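Enquirer: As a plain string of letters, each chain reads:
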Amino acid sequence: MQNLSSVLDCFTDRIYAVDEAGLVVFHNAAAANCAAGNQNPLVGLPFEKVLPGFGRLRAVVASVEALSPQDQVEMPLQSTLLDQVGKSVPVEVRIERVAWNAATTDIVICRDTTSRQILTKENQRLVTAISHAADAIVITDAQGQIQYVNPAFCAMTGHTRASVLGTNPRLLKSGHQDAEFYRQMWQTLTQGEVWSGRLVNRGKDGELFTEDTTISPVIDECGCITHFVAAKRDVTREVGLKERLHEAQKLEAVGTLAGGIAHDFNNILYALLGYADLALDDIPSEHPAHTPLQEIARAGNRAATLVAKMLAFGRRTDGCREVVSVAELLGGGLDLVRATLPATIQIETQQNGPDGRVMVDANQIHQVLLNLCTNAQYAMDGAPGVLRIVVDQVDAEQERSGALKDLQPGDWVRIRVIDSGRGIAPAVLDRIFEPYFTTRKGHEGTGLGLATVHGIVADHGGHVSVESEPGVGTEFTILLPLRTAVAPQAPEPVSTGSAAKGAQGHVLVIDDEPMVLNVLEKAITRFGYQVTGFAGGIEALETFRAQPDRFDVVVTDQSMPNITGFEIGTQMMSIRPGLPVVLITGHSDERFHEQACAAGIRYHLLKPISMKELGEVLEELTSVTTAV
Amino acid sequence: MNKILIVDDDQQIRDMLRITLEREGYGVVEAGDGVQALAAYRANSIDLVITDIVMPEKEGIELIMEMKSLDADVKIIAISGGGRINPEDYLKWARRFGVANTFSKPVDRQKLLEVVAQMLAPQVA
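Protein chains in written order, with my numbering: chain A, 1 to 628; chain B, 629 to 753.
Treat the hints with care, as some may be off.
[To be verified] Chain B residues, not near chain A, derived (Cβ > 12 angstroms throughout):
| id | residue |
| --- | --- |
| 1 | 630 |
| 2 | 631 |
| 3 | 637 |
| 4 | 654 |
| 5 | 656 |
| 6 | 658 |
| 7 | 666 |
| 8 | 672 |
| 9 | 674 |
| 10 | 681 |
| 11 | 698 |
| 12 | 699 |
| 13 | 703 |
| 14 | 709 |
| 15 | 746 |
[As the list claims (entries may be wrong)] If we take Cβ atoms under 7 angstroms as the criterion, some of the chain B residues that face chain A in the derived model are:
| id | residue |
| --- | --- |
| 16 | 638 |
| 17 | 641 |
| 18 | 644 |
| 19 | 647 |
| 20 | 726 |
| 21 | 730 |
| 22 | 733 |
| 23 | 734 |
| 24 | 737 |
Since the hints were derived computationally from the structure, they do not count as laboratory data. The structure displayed is predicted, hence computed values, not measured ones. Each residue gets a CB set at the ideal place from its N, CA and C atoms; glycine is no exception.
Using the sequences and the hints given, assemble the complete structure.
Expert: Written as structure tokens, this is what we have:
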């Protein structure tokens, strides 16, 4: 017995002998260790105090054995033991009924499962982490048969878990990688090394996607590969963005190159073509040199067309404009910006008020954002910084009080790009939108970034301005005209005249005298029309040229510097035949009146004009449904 | 005989324009930059100025502004090889300073001669 007791003391499991009364009659050292150093503290104690619920466990075992003596109760049973300080210890319990000194006795073996439970929980955590991971995880056996895929894998490939288990990952093969590629991959893996690379694979729907993949072999204690674990990240979007960025940079390079040579090249072409023309004058058409000279001129003209095309390519003027939401527009642009800027620059965006719609060439506006943001990055000198992009809506009245006094009436979306960089010195602030102006040293800057921004924004009928405080930062403000009143995507009406709107038309007013312009704007607004006023004819013409169908009637002063009202009217009518034009002159001149009528300007008002007369004329012109 | 002042820093283009205009019966005075052009304008009775925009010494835009301040009615045709961003950039500025007729290089000879003839035609008014 002593020997047996010594043997039992060698076990780390707690072993108890419990009599029919439920009292402990024996236990080993592992069980005693729980008992605060007392020699035999448990002997004689009710075992229920050690293992609460023991009676129930024993009853279960007894009833199963009674029903079917051949069957073993499925051991072990899970229970909880109380140690000597009352702490719960999770245990697996085995109960064997034996004869102990001729009395029926239960031998109870309790195995501490604390560490196993910790391991199980850890496993559960890992499984949860893997199944919630954004990266796709695939586990295969050594032969490459898929044993596990996480939900991200299903989302990335479109395959369900059930459909891929037991299959081979080659079901994703797109054919974009050749046999040599896979041979090298397997060579690395079978040597027990980790393989990383980029793959183009095909999803269930047939769509290609690009993934960055890391495959690790799992090696057992004998050094054999038992599994492969692959982690895949879908980088299709990033790759697309990088390609667009590269494209944008390539275009800028082409534009710069074309711009750089265009001036000199056009001069050379002009000389070449001019002299060819002169020679053709002197050489009669029957002369053998006549045709070759004509060919020289033809080749010269082809070269001139090519230069013009390269310039246009650089400027991307061929892009089409469409009505888009500002949030959508900026979302796309900021993706490009984020892909370009280092992570040290934090980009914060803020949208105040409702989202609006603008009519833009999205690529060009993305270029604007990119140029402003890369400038901001340069201004931050590589230090961590914050780049804020704040979007809101303003109306002309609000903005007129600010720096932009020449805004047309109407609502605008305002996009502000605010950096925490070193700021711009006041001395150079006025020049930053000039082409070729750069503060960057050597070949770092082309001096075209902000000039391009200015050009694109102006082409969209918008405004760009800048405020800066050295040492604090710079704020660029872009204003783009909102298209809230226009139904999204609605085709522009092909108008040859004004629609019947009563007092609802849009009147373009031009007068170089600000006071007169102000009075005219107020009066026409009071009549119920929408008014856009210009103090300069050139600007008015540019606006009209950009959006010829925006206006229903043009009212212009005749005598202005740079361009006369008559010239403005005739030029606008050549763009949009039938456009009603009202000319206001300071003197009565019958011949001029006849000339204006002949040019199609039917209304000719003399200063000082009566507002009543102007109102009647506008009413007549805007109520005409069809044009001449 | 109407006298035309040609301003261009490229000798080849000046020669070509001179021959072209002389063949049409115009008198021609040449200048290689803006400074020479102003001197030539003061020294001669010039009916029309055909000027390049991008030139050393004095740029075409500056020349146009100074000529306009000398003589508000001066007739000018501006010709440019184009800016880097947009071939129209400089010509747009020329138009802002009152130059009604502008051409991008290479210029169509026929169109240029038509505009020259039109600008030099006796005024109806």
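Enquirer: Decide, hint by hint, whether the structure agrees.
Expert: Checked hints:
no.	hint	in the structure
1	630	20 angstroms, holds
2	631	20 angstroms, holds
3	637	9 angstroms, violated
4	654	15 angstroms, holds
5	656	14 angstroms, holds
6	658	15 angstroms, holds
7	666	22 angstroms, holds
8	672	23 angstroms, holds
9	674	22 angstroms, holds
10	681	10 angstroms, violated
11	698	17 angstroms, holds
12	699	15 angstroms, holds
13	703	15 angstroms, holds
14	709	4 angstroms, violated
15	746	14 angstroms, holds
16	638	5 angstroms, holds
17	641	5 angstroms, holds
18	644	4 angstroms, holds
19	647	6 angstroms, holds
20	726	5 angstroms, holds
21	730	12 angstroms, violated
22	733	4 angstroms, holds
23	734	4 angstroms, holds
24	737	5 angstroms, holds
Of the numbered hints listed earlier, those contradicted by the structure are 3, 10, 14 and 21.
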